[in-house]
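**Student:** So the protein sequences, as listed, match chains A and B. Under the working numbering, the first residue of the first sequence carries the number 1, and numbering increases by one thereafter. Under the working numbering, the first residue of the second sequence carries the number 1001, and numbering increases by one thereafter.
No wet-lab data here; the hints were simulated from the structure. Every residue, glycine too, gets a C-beta built ideally from N, C-alpha and C. What you were told as hints is all true, and nothing was included just to trick you.
Calculated cross-link-like contacts (lysine-lysine; reagent style DSBU-like; alpha-carbon spacing at most 30 Å):
1) A:Lys61 / B:Lys1026
2) A:Lys413 / A:Lys198
3) A:Lys286 / B:Lys1058
4) A:Lys124 / B:Lys1328
5) B:Lys1026 / B:Lys1328
6) A:Lys315 / B:Lys1058
7) A:Lys315 / B:Lys1135
8) B:Lys1245 / B:Lys1211
9) A:Lys61 / B:Lys1058
10) B:Lys1028 / A:Lys237
Part of the chain B face toward chain A, derived, beta carbon under 8 Å:
11) Ile1040
12) Ile1041
13) Met1068
14) Val1069
15) Pro1075
16) Ala1094
17) Thr1097
18) Gln1098
19) Thr1101
20) Val1110
21) Ser1141
There are 2 protein chains.
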Amino acid sequence: MAKDFVKEITARDDDFAKWYTDTVLKAKMADYSPVRGAMIILPYGYEIWESIKHSFDKLIKATGHEDMVMPMLIPESLLQKEQELINGFAPEVAWVTQGGTEQLQERLAVRPTSEVLFSDYYAKVVHSYRDLPLKYNQWVSVMRWEKTTRPFLRTSEFFWQEGHTVHATAAESHAETLQILDDYEKVVSEYLAIPVVKGQKTESEKFAGAKETFTLESMMADGRALQSATSHDFGDKFAKAFDIKYLDKNGEQQYGNQTSWGLSTRIIGGLIMVHGDDRGLKLPPKVAPTQVEIIPIAPNDDVLAKADEIQAALKAAGIRVDMDHSDKKPGWKFSEYEMRGVPVRLEIGPRDLANAQVVLARRDTGEKTSVAIADLATEVPALLDAIQKNLYQQAAEHLASHTYTATTFDEFKEKLGNHNGFVKAMWCGDEACEKAVKKETKAGSRCIPFEQEHLSDHCIYCGKPADKMVVWAQAY
Amino acid sequence: MAKDFVKEITARDDDFAKWYTDTVLKAKMADYSPVRGAMIILPYGYEIWESIKHSFDKLIKATGHEDMVMPMLIPESLLQKEQELINGFAPEVAWVTQGGTEQLQERLAVRPTSEVLFSDYYAKVVHSYRDLPLKYNQWVSVMRWEKTTRPFLRTSEFFWQEGHTVHATAAESHAETLQILDDYEKVVSEYLAIPVVKGQKTESEKFAGAKETFTLESMMADGRALQSATSHDFGDKFAKAFDIKYLDKNGEQQYGNQTSWGLSTRIIGGLIMVHGDDRGLKLPPKVAPTQVEIIPIAPNDDVLAKADEIQAALKAAGIRVDMDHSDKKPGWKFSEYEMRGVPVRLEIGPRDLANAQVVLARRDTGEKTSVAIADLATEVPALLDAIQKNLYQQAAEHLASHTYTATTFDEFKEKLGNHNGFVKAMWCGDEACEKAVKKETKAGSRCIPFEQEHLSDHCIYCGKPADKMVVWAQAY
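Sequences are here, hints too, so could you generate the full structure?
**Tutor:** This is the structure we're talking about:
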């Protein structure tokens, strides 16, 4: 039965996209909905999102950010106040034009992002340097009209947090942007066990209306990139459009300096695509809704009583533990919880009980070991820790082994053609070269990494002098 | 300065509605937005909502409910599948008709409520009695096109949780509805210190499409009612419209039985209107974002050091404590934190320090007492507990003293005319009488309380035989 079940997930190497969708649906992370482009986030997926939310919210609250919430609809006239923003988002906006039986005088956008609402509010409440900084964040869903849909990765509605801050100086807004990028790195690397490349977006890839956009880029198991979180420094661009001014200490009028930054449910797609295998999900223990699944084998009353006891003890030790004592076959259960990515399976049967031990099976390596029941409260946390580290380590090795360097465009194409992955190569800074590379290889500029290497003196495409190393890749 | 400040809030007896709005705005719970009918929920208001959310979510998770999330847009054809529901909501729906540059083939409703999405999903996944019950909940915002707006009480967009469950039998869905009503009562009474009248809505007041609606009705300080939470039993009405069927243990096809239930940000309006006074908010300690505000008076370094120590000790005792050592005047600070409803103010100055004591001032009674610093870790929790109880007690006394009985319609009108409040009176069950009472007195039927009293044998309006006692009141 276990075998049949596993067959229901397409093999990763046969069709990565289909493997992904099979896994999302079979693990009950999400489902399709009757609404074009929108998904249902099922409890298992939603619990993971709540967990990510909690881990990031704690970090930003520790640095004085506050959660609040703006309306979901935005009048068109307000959206048009910042030209780059509206130009960037106009093709993707869903418009409310009727309220009840009334035809609206002005269209209302279902928010694609909320810079204009925060800016409008900041213009109203910021008067003096004493009012600054204001550091607000909201956890909401946003809407961007997409033609194609893939659960988590690309949906017309998705969930995210959007932080919006206003500061006195350009130096402060710049520092905020980078501090948040560090917080994102903590969540993505330490919590989700996904290694990242940190860097800055090029002019053509930055957020509409931003002065600078910083990003975390991650590599999926198929070698493609996923933009995992972005942080934007607007300087005073929005402040000028919205007239956000304050009196500084010398009594002079100054414009505010703003940032915005977002982490979305797309990262759950990343979580699946970085760690998963042909048996389904592999969840890092820190984010796994269930860390240990207890499965009694051929249980008698004594075994069940001991299993209950173990469950209570692990729960008391702060471990998220669940037990399946349904009458389904062990093989079915093994497959089910492997598919759902539960990090540790704990098996206990009559013989184990006689030996005062249980079997712990790791989802990441498949390894099985016998552990004395008396040692579980220390052994299980240690094992979870080891799994968390190993998943990060495996992903980091994959990133390293699939990141190539190129100094000529032929080499660039050869590297990308033979192996999917990231290519590091020099760039002159000309948008024309960036576009040409993407057109010829499908690999776009993902970022200018903070950790630069001087690979050559020449642009990979035009050969002119170049002093920036860019990471290039096909992306989701 | 304190005096001027207090003046900014209209006196409650002069104009209750204006007092309410002043309080919401001055306490920075919410603000108006540039979007018609929608408010900005500011951090202070949002933190209260998060706290309510947390307290209810814990209760429903303990009984096996799971959080998930459905799309925010609903195709018109799906919304029309249950006729009573669409008839009930059609005049209030905001419609998306354009996506990007494309004119949509079918209008999409911004969800006013999500019964149809859950029902559509249940039809897809429910096949056997083994699949039941399914007990899902989502925390989202919904949209109902309103002409007039008052922060929290009536806004086009508001936040809520909507629970949607499906069960095998009508008895189970009925029991679920009542269990949830009990959970709501715990949150509203025990957490928000708001006493409630529990009962059933009449046919004309029940939710569109429901078989039965149960409600918690609370009395505001002005004597008007606020519907605090509702729980609906649909029986198999939606199951028949959406074809939600399962095979029972005998292999026979049965329809599922559903419920839905909601608690919204309106309750924050109730929290303000039940407890507040002319100085502003009064927050019950359990829901107050800050429970104790420390205000150093004419502080020297020793006082500040001790204040820091006290703050750390209270925090370690699990109390939400904040300190204001800004250079603003103590009088301003007193008014500010009173206005924000902080339950306890802790004052410490050089003389207090010399006596190894502090002053604790209660927001609910204004009472001030000196307490030894050594006793704070036990005295403060006890005081918070006493304040929580006192606020409930005061509200319960207000409810009792403003609830009247009437056996004739003249008496009914006289009671309501002289004193705002609730009137208990018998009703024959005829909708015509219910409507006539409302038309002539503005007092609608709030509910048929579970705790019935037999006040007379005759309907308060038509004089025909009556066996139901109804609570009547003007409502928000």
